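Work the whole structure out from these sequences, hints included.
Chains E and G are the protein sequences, given in the same order.
According to the numbering used here, the first sequence holds residues 220 to 463 in order.
According to the numbering used here, the second sequence holds residues 220 to 463 in order.
Please note that a few of the clues may not be correct.
Note that the list lumps identical chains together, so a pair holds whenever it fits in one copy or between two copies.
Simulated crosslink set (DSBU-like; lysine-lysine; CA at most 35 Å straight-line) [stated by the list, open to error]: (1) 447 x 274; (2) 272 x 447; (3) 413 x 274.
Hints are computed from structural coordinates only; laboratory data are not their basis.
Computed from a prediction, not measured in an experiment: that's the story for all the values here.
2 protein chains.
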Amino acid sequence: MPSEHIVSSFDNDLQELNHLIATMGGLAELQLENSVLSLIRRDGELAEEVRDKDKEIDAMEAQVHMQAVKLLGLRQPMADDLRMVIGAFQTASDIERIGDYARNIAKRTTVLNQMPPIGSANHAISRMSNLVRGMIHDVLDAYQTRDDSMAHDIRLRDVEVDQLHTGLFRELLTYMMEDPRNITACTHLLFIAKNIERIGDHATNIAEHIHMIVHGSDPDSDRPKYDKSSITLIDSDNVRTTDG
Amino acid sequence: MPSEHIVSSFDNDLQELNHLIATMGGLAELQLENSVLSLIRRDGELAEEVRDKDKEIDAMEAQVHMQAVKLLGLRQPMADDLRMVIGAFQTASDIERIGDYARNIAKRTTVLNQMPPIGSANHAISRMSNLVRGMIHDVLDAYQTRDDSMAHDIRLRDVEVDQLHTGLFRELLTYMMEDPRNITACTHLLFIAKNIERIGDHATNIAEHIHMIVHGSDPDSDRPKYDKSSITLIDSDNVRTTDG
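Structure below.
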């Protein structure tokens with residue numbers, strides 16, 4: 220029964236691909252955790268470790284891409300199978316970007332460790348990071364089980380991340396205005412917060428790939444955007460969000 | 220001659236895909252130009268136009284992705300042909316991200332128009348943007364002609380963008396320290412500069428897809444990174460780049 224043989228080979232290949240994505244995703248989640256820990260604990264060695272380890276994620280992305288293209292050429296999958304391979308390809312790219320953002324957080328941590336800590340900013344960053352790590356963790360589970368209803372929930376959770384980010388953006392601007400000596404540190408913290416917010420966007424992208432795999436179409440409506448940091452205006456006695 | 224017929228159908232489909240990518244890329248290049256013009260000229264209407272127009276790029280990405288998946292399922296391309304379809308798929312994603320960054324620049328412009336302009340920052344942003352627009356323009360040409368040597372040059376040009384970005388990052392920190400009233404405006408300018416630097420990275424990604432299409436492998440070595448903004452430390456009388 221040659222056709223059964225082909226089907227089962229495809230399934231094996233796909234399983235291998237998904238296993239690689241699970242490993243890669245788990246590592247990216249850990250990299251985010253460690254990058255933020257290195258900030259909170261002022262641990263330069265841990266920051267260095269995160270920067271080094273990013274290469275492993277990059278190598279895994281290359282491997283997923285190579286295997287996916289090989290699988291497309293060799294097995295020529297159709298319909299659902301084809302979408303699963305494309306979904307794996309895209310998901311690997313999103314995980315690779317998550318790894319890049321974690322590495323960038325670790326880079327900035329190395330600079331921040333040389334300056335006094337800033338108010339309660341680390342606390343807010345920690346909260347954002349915990350939320351986003353939860354999103355990565357759950358979206359990886361939803362990816363493996365093709366659970367679109369879980370993926371849908373994850374897309375909604377990104378709203379909370381955006382709101383935390385906007386709050387932190389305002390807080391950091393205020394610290395900078397209070398004391399110019401805070402400016403360099405706060406600037407790096409602004410970018411760290413932005414990196415975490417972007418990681419949330421990539422978890423959301425993976426949730427959208429799951430929808431595509433399951434339904435063969437993009438999710439219906441644009442998800443609501445609650446990140447108002449790009450349109451926030453603060454001066455000495457005035458904080459507001461423009462809607463222009 | 221059925222096999223010739225199949226080949227020619229595939230070529231037609233691919234040509235259609237590449238035509239869509241050319242249009243999409245041209246629009247993204249224009250969006251970057253207009254977003255920076257809206258900043259320089261303090262033109263709120265143009266900023267609004269850029270924000271609206273991004274939807275068109277998103278729609279084109281969805282169309283490329285849909286057509287690429289259809290083409291994979293229908294024509295089952297192998298080897299070079301397969302890589303060209305995958306390359307188109309990835310290139311569309313990079314162009315879509317370029318569009319997102321241009322939209323974010325336009326959003327921040329709307330806020331910046333409500334504040335006094337900052338020193339010579341706009342001049343440096345304009346220079347960065349011109350360089351990056353040149354990269355987008357050339358990488359789109361290289362994509363259409365599969366010109367890997369041109370793609371190689373574009374990867375090298377990104378170094379100059381990174382260097383300009385690091386310089387501007389320092390300059391903006393200095394403006395903030397000089398006068399706390401500059402802080403909000405400079406923060407948005409920092410993110411605009413970062414957005415342009417990221418657009419350069421996406422042009423570089425497309426150059427890497429071209430290498431992959433032509434040679435079937437990733438470019439040999441990691442390109443050198445000259446963006447030192449993540450590791451820049453500035454205080455009132457001290458500017459340095461940490462190497463930790």
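_Could you work out which of the previously given hints the structure breaks and list their numbers from low to high?_
Structure breaks no hint.
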